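So the protein lines, in turn, are chains A and B. Each residue of the first sequence is one higher than the last, beginning at 1 in our numbering. Each residue of the second sequence is one higher than the last, beginning at 1 in our numbering.
FYI, nobody ran anything at the bench for these hints, they're computed from the structure. Computed from a predicted structure; not experimentally measured. Watch out, some of these pointers could steer you wrong.
Unchecked claim - Label pairs and their calculated CB-CB ranges:
(1) Asp184/A - Ile280/B: 26 to 34 Å
(2) Gly31/A - Gly213/B: 57 to 65 Å
(3) Thr191/B - Ser259/A: 39 to 47 Å
(4) Asp228/A - Asn142/B: 48 to 56 Å
(5) Glu123/A - Thr114/B: 41 to 49 Å
(6) Asp65/A - Thr276/B: 51 to 59 Å
For every residue, glycine included, the Cβ atom is placed at its ideal position computed from N, Cα and C.
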Amino acid sequence: MRKTILTIAIMATCLIGHAQLDMIRVEITEGIDDSELKTTIENNASAMFGAMNRAIVEGKNPKFDKTIFTPSAEKEMLKMWKSSAISCPVSVISEKCLTMPVGGYQIRNIAVTLMDAPVEEQEQELVLNFDKTGRIDNVMLAMDQHRYVDVIASNISVRDFANRQMIIDFVENFRTAYNRKDLDYITKVFSDDAIIITGKVIKIKKRSKESVNAFTSEKIIYNTQTKDQYLAGLKRCFKRNKYIDVTFDDIEVLGHPASDKIYGVTLKQDWKSSGYNDTGWIFLMIDFTNEFEPCIQVRTWQPDKFNGKPLNREEIFSLDDFKIKI
Amino acid sequence: MKSRLSAIIIAVLFIPSIYAGNVTSLFSELKLNGVVSCDTTLLLSRVSKSKPVTIEWGDSHPSHIGISLFSPQMKDMINHEICNFVERLFLELSLFPSTNEAMSYLHRHKISLTRNNETYGNGSFTNIRTSIEEITQPSLFNINNTKGTFTVTLEYGVFNNIRISFPASRELIFGIDKKESDLDVSAKLQTKNKHKKISKKFSTADLVRYKTGISKLPGNMFIINRLRNDAYYLNMSTTPVYSAKLPHESIANLMQGIIDTGIRLEVKHRMYGKFTPDFIIGLNDLFNSFSEGFDIYTGSQVLDDGRIQCITIFHNHLYNYLHMLIVTASKEQYFNSEAVLDADFFSNIPQHYIKKLF
Numbered sequence: 001m002r003k004t005i006l007t008i009a010i011m012a013t014c015l016i017g018h019a020q021l022d023m024i025r026v027e028i029t030e031g032i033d034d035s036e037l038k039t040t041i042e043n044n045a046s047a048m049f050g051a052m053n054r055a056i057v058e059g060k061n062p063k064f065d066k067t068i069f070t071p072s073a074e075k076e077m078l079k080m081w082k083s084s085a086i087s088c089p090v091s092v093i094s095e096k097c098l099t100m101p102v103g104g105y106q107i108r109n110i111a112v113t114l115m116d117a118p119v120e121e122q123e124q125e126l127v128l129n130f131d132k133t134g135r136i137d138n139v140m141l142a143m144d145q146h147r148y149v150d151v152i153a154s155n156i157s158v159r160d161f162a163n164r165q166m167i168i169d170f171v172e173n174f175r176t177a178y179n180r181k182d183l184d185y186i187t188k189v190f191s192d193d194a195i196i197i198t199g200k201v202i203k204i205k206k207r208s209k210e211s212v213n214a215f216t217s218e219k220i221i222y223n224t225q226t227k228d229q230y231l232a233g234l235k236r237c238f239k240r241n242k243y244i245d246v247t248f249d250d251i252e253v254l255g256h257p258a259s260d261k262i263y264g265v266t267l268k269q270d271w272k273s274s275g276y277n278d279t280g281w282i283f284l285m286i287d288f289t290n291e292f293e294p295c296i297q298v299r300t301w302q303p304d305k306f307n308g309k310p311l312n313r314e315e316i317f318s319l320d321d322f323k324i325k326i
Numbered sequence: 001m002k003s004r005l006s007a008i009i010i011a012v013l014f015i016p017s018i019y020a021g022n023v024t025s026l027f028s029e030l031k032l033n034g035v036v037s038c039d040t041t042l043l044l045s046r047v048s049k050s051k052p053v054t055i056e057w058g059d060s061h062p063s064h065i066g067i068s069l070f071s072p073q074m075k076d077m078i079n080h081e082i083c084n085f086v087e088r089l090f091l092e093l094s095l096f097p098s099t100n101e102a103m104s105y106l107h108r109h110k111i112s113l114t115r116n117n118e119t120y121g122n123g124s125f126t127n128i129r130t131s132i133e134e135i136t137q138p139s140l141f142n143i144n145n146t147k148g149t150f151t152v153t154l155e156y157g158v159f160n161n162i163r164i165s166f167p168a169s170r171e172l173i174f175g176i177d178k179k180e181s182d183l184d185v186s187a188k189l190q191t192k193n194k195h196k197k198i199s200k201k202f203s204t205a206d207l208v209r210y211k212t213g214i215s216k217l218p219g220n221m222f223i224i225n226r227l228r229n230d231a232y233y234l235n236m237s238t239t240p241v242y243s244a245k246l247p248h249e250s251i252a253n254l255m256q257g258i259i260d261t262g263i264r265l266e267v268k269h270r271m272y273g274k275f276t277p278d279f280i281i282g283l284n285d286l287f288n289s290f291s292e293g294f295d296i297y298t299g300s301q302v303l304d305d306g307r308i309q310c311i312t313i314f315h316n317h318l319y320n321y322l323h324m325l326i327v328t329a330s331k332e333q334y335f336n337s338e339a340v341l342d343a344d345f346f347s348n349i350p351q352h353y354i355k356k357l358f
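I would like the entire structure built from these sequences, with the hints used as guidance.
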């Protein structure tokens with residue numbers, strides 16, 4: 001009898017706990033004057049934490065209301081969730097809101113639990129960024145990327161690690177080939193049916209109805225080439241330039257959600273040659289079916305700046321933009 | 001290495017108006033191909049009126065070229081690679097046709113250069129050649145390495161200093177690209193070694209009980225939890241575990257090079273340009289090749305066909321790159337001292353520009 005009462009008591013406590021944890025309330029204590037925007041931010045953050053806790057109780061992936069996120073933030077959140085489910089252990093979060101120098105808002109110090117991390121690393125803090133309309137624009141843990149990987153890395157196999165290092169090796173060889181003007185190597189690493197997309201910024205003059213003066217804005221035009229067309233252009237470029245000095249930075253490797261043989265690599269390329277310089281974002285879709293002979297299925301280039309501002313992260317090509325046959 | 005030729009040649013050679021890049025291209029830009037094939041110093045008046053250009057010669061190609069600022073003894077005492085980098089950087093900067101070009105180079109390679117706290121290109125610090133002429137010996141030299149960035153401070157004269165900060169990038173510091181570095185590693189691996197196991201230096205007081213009869217020397221992980229350098233010993237002794245009854249612990253020890261074994265590897269070295277030479281090397285010989293300057297981490301997993309695949313990382317934390325060895329063999333082969341195991345080897349994988357690996 002005592003055992004039954006105890007079980008019922010525990011179940012009741014759990015139910016109450018679940019009920020409370022489904023209903024997270026985020027309250028902004030200071031930092032924002034616009035009451036409508038403040039409410040939007042509070043509601044969006046509360047809805048996100050509520051969905052996360054519900055998902056944990058139900059043992060499913062979280063179902064978020066699409067309107068609370070920008071598209072890239074939702075993707076980032078789901079990617080984070082794939083590494084580890086995240087719960088919020090408190091029912092009321094009271095924090096101040098910071099105004100970001102680049103626009104938008106930020107709430108820090110939100111206590112969360114990384115369910116799949118080692119016990120001593122589970123308790124962490126989350127940072128939420130919001131755009132000007134109050135949508136969640138970025139979700140990040142208040143620790144650097146390496147630390148984050150350390151914490152959730154228990155799920156990563158040594159094979160996956162090795163594959164990703166092979167991709168870094170491949171990317172470094174690819175970069176070296178441009179500096180060496182090694183057209184043979186570049187020819188070998190592109191798939192015969194590779195898609196090569198190059199963005200070009202053009203200036204357009206517009207005349208508004210209200211004003212007689214024309215103003216200039218920029219537009220990106222995308223040009224798609226076959227492997228042969230791209231290589232012919234590259235051959236001319238190698239011939240024209242006495243030297244080429246290509247550097248890469250900010251490399252991100254992402255596995256395809258539907259295939260462990262396809263990886264996406266995004267990187268910032270700085271191209272300096274005797275005749276021409278530019279900085280842009282490169283996206284490479286790499287087919288890893290033969291792990292020792294990876295090949296490039298897609299290469300895109302986009303300028304790093306557009307209309308005087310850094311190109312929005314959402315506009316940079318990624319794996320989602322290309323269909324693959326599995 | 002050929003003997004040092006101390007001849008100083010006064011030469012006025014044509015110096016092109018375009019930046020050259022790494023050691024080999026700097027060498028050919030200065031039209032030194034066929035002129036120099038040993039350690040040499042040359043006074044090139046177009047580069048500097050008082051500081052000679054120094055050249056170090058490798059097996060078949062120049063291994064260093066730069067404006068001579070340090071004696072060989074001083075380089076050995078401080079850090080040969082960093083001293084060479086500083087010498088080469090000054091040579092590269094002095095070859096640019098304009099300060100703007102030089103500034104653009106520094107910016108692209110994330111190098112910060114100041115003289116008496118004035119950033120290059122500003123105020124009175126616009127002519128690198130004048131600054132090079134000013135540097136007098138002996139100078140005070142300090143190297144700092146924090147969070148993947150080196151900071152070198154060079155003090156000279158009464159109150160003058162030059163400070164250079166740059167990322168810990170192998171290619172930038174060594175001035176040789178992936179192809180050249182892969183060839184260097186290949187040559188290193190194919191020279192004869194001593195067949196000696198690596199001994200970890202530790203006291204038995206550092207060991208912790210792991211399981212019955214086994215203790216563990218706790219190590220660190222590299223990026224993921226499953227890549228580690230923990231080592232396992234019998235009881236609380238210094239005898240490493242190596243028995244087919246304890247495969248996990250034994251293979252971890254074996255793949256860190258701390259087991260005395262005759263096991264050899266048939267290595268396919270996957271170098272730049274899809275060049276994949278094969279060679280056979282003793283397991284311990286390979287580990288010995290990277291025993292200095294590298295941290296070794298290992299992890300293994302069982303493949304679908306029952307074989308065990310071991311990934312071993314040789315991480316050079318100072319210059320932030322790694323070599324990766326992948327060995328695939330049956331469990332029995334890891335314990336057969338006469339076995340020749342299949343292995344793939346990747347060299348010189350940079351780590352400094354990775355933002356997200358997972």
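Here is how each hint holds up against the structure:
Between Asp184/A and Ile280/B the beta carbons are some 29 Å apart, a value that agrees with the proposed interval 26 to 34 Å. Look at Gly31/A against Gly213/B: about 60 Å separates their beta carbons, and that is inside 57 to 65 Å. Remark: the range hint 39 to 47 Å for Thr191/B to Ser259/A is upheld by a beta-carbon distance near 42 Å. Here the CB-CB span from Asp228/A to Asn142/B is close to 54 Å, well matched to the stated 48 to 56 Å.
Checked against the given bound of 41 to 49 Å, the beta carbons of Glu123/A and Thr114/B, roughly 42 Å apart, stay inside it. The supplied range of 51 to 59 Å is met by Asp65/A and Thr276/B, whose beta-carbon atoms lie about 52 Å from each other.
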